[in-house]
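Trainee: Place chain B on chain A using the hints.
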Amino acid sequence: MSFFKVENLGIRFGGVVAVDRVSLEVKRGEVFTIIGPNGAGKTTIFNLIGLLYPATSGKIFFQDQELTRLAPHQVAELGIARTFQNIELFEHATVLQNLLIGRHRHRRTALWQELLFLPAVRRAELAQREAVEKVIDFLELAKVRDSLVAGLPYGVRKVVELGRALATEPRLLLLDEPSSGLNPEETDDMAFWIDDIRKHLGVTVLMVEHDMNLVSRVSDRVLALNMGQTIAEGTPAEVQAHPAVIEAYLGKAA
Amino acid sequence: MRFIFKTDYAQDIRLVKHGGHLFSYGLLGALLLAAPWWASEYVMSQLHFILIYSIVGFGLMILTGFTGQVSLGHAAFLAVGAYTEALMQAAGVPFAISISCAAIFSAAAGIVIGLPALRLKGIYLAIATLAFGVIVEEIITRWHTLTGGNEGKHLKPVEILGWKLESDAEFYYLCLALTVLCCLACVNLLRSPTGRAFVAIRDSEVSASCMGVNLAKYKTMAFAISAALTGIGGALYAHKIAFISPEQFTLFQSIELITIVILGGIGFLHGAVLGAAFIIVLPQLISIAKGWLPDGAAPSGLQAVVFGLVLILFIIFEPLGLYGRWLKIRTYFELFPFYRKGMFRRQKSYMKSERLR
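Residue numbers (the numbering used here), protein chains in the order written: chain A, 1 to 254; chain B, 1001 to 1357.
Source of the hints: derived by calculation from the structure; they are not laboratory data.
Hints are not guaranteed to be accurate.
Said to hold, decoys possible - In silico DSS-like links for lysine-lysine, alpha-carbon gap of 30 Å or less: (1) B:K1341 - B:K1328; (2) A:K143 - B:K1006; (3) A:K59 - B:K1217.
If you're wondering where the values come from, they're calculated on a predicted model, not measured in any experiment.
Pulled out of the complex, with its shape left as it was, chain A reads as follows:
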């Protein structure tokens, strides 16, 4: 049984083929990175996996379940969480509330129980809070726990978004450019956390990233994409040395 597999995935927007028959397979417990120049279709692949766009062709399997026929929220319920390149947090809520929404797929109470706030709801809420506090400890967010997201600096929001994804207790975590907009120190922290997420939480990570330093530090395998097509796949060192990758980034020697 494969853990996560994408077969011949493709999408076309009018005449533009954004993703062209891309196949990849992620093994349980590894960090798999997709790299590529701007406009290569990396984020589009994420949006296809999250079913935010309907795929024109191809199939996505998560633990042998076909995803493309599901609704977007069902993807999350299977245990796939994601972050966004440009941060999509709930701005007018506190960090704590944001993380609690991450617990949505673990809710067990019915509407009528909630309206009366029965003891069962209270117990469930306390359990959710405990789970969220673990994430807060893990990412060292205790200081900003009760601050509104709207007032937080960019670097912290990035971590909060990671925390919200972790609060869902995912089996597969999709990170869309976790280091974009972060300073070198924050990027360092991020690399450390990604490593920890894999080692200590046992979560498989599929990420899109530009920072080759971060990529080679944390990834097991890398897939390079250009113009929607796979150009190389292998270990970080192999991919970095691949002539097609060098050409895609730097152009051909005259």
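Mentor: Just chain B now, with coordinates in the frame of chain A:
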């Protein structure tokens, strides 16, 4: 300034957060319970309306303030509640059942309008709900055999288990009890997963759905809950007025209801009550002001003009409404010399280049 030392997760979901809460809400409760002794007949009547409109305000606040869905057709739900109550009372159905039906039928109407809302956003949703409101108004006018058309329907005082609530005070306690119950239900909802899902939908639909929130289900649910509360308000409204006819459920009524949530403060349950109080008191202030104006200087449409003006001024100068204003004043005193302008300004969020749907 008050510092709360937190030692327990339960502290964050408790209703009463600290002694000050207990004192101020206790005082408010005592004042309201004692109202029949201190309030004149006129003030009592105003209190009835404030309580009834508060319930409706809670409903609209859940939908607009917390789920971020606009509705310009809420008078329709008010009408469904009012007519259900009127017809069921005429048929001799006990009050407990008839008011439950008012809530249930309104909720059903809410689901009907909620379904197209799944595909519509912003101004388009506003137009769709507006159309829905007009359609319901038209149905009430035309369906003469059921609703009595423009002749309207008369209602008798509420009767619970053979006890007739004829006096102002008795009806007042009924309204008060229902308002408190509805308020508690809303507070409970907002501190549980469903309420959080609503807020998530308001702030970012994309990430709500990536967190596993079923947008279709929760938006429909928000419409249903909102409509149910409005229906309860409608049933009480029908009893208060004792006579209902289609012209009470027009577009203007819907706008008045929107005014409650915007003036009160969008996104705060307190706002619903403050807004309700404001729109009940405002017409009185206008009629007092009319007395000061020279004869003939006060046109008959003055009230509508003032309402519109107040709404516009609030949207421009105080988007957080009356409750937001109160928060600012409170913070000013709490932080006394350190309050600065813009503490409550909503920061512009970072650019979202990745527009999805």
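Trainee: It remains to establish, for every hint, whether it holds in the given structure.
Mentor: Consistency of the hints with the structure:
1. B:K1341 - B:K1328: 10 Å, holds
2. A:K143 - B:K1006: 14 Å, holds
3. A:K59 - B:K1217: 26 Å, holds
Violated hints for the displayed structure: none, as all numbered hints are satisfied.
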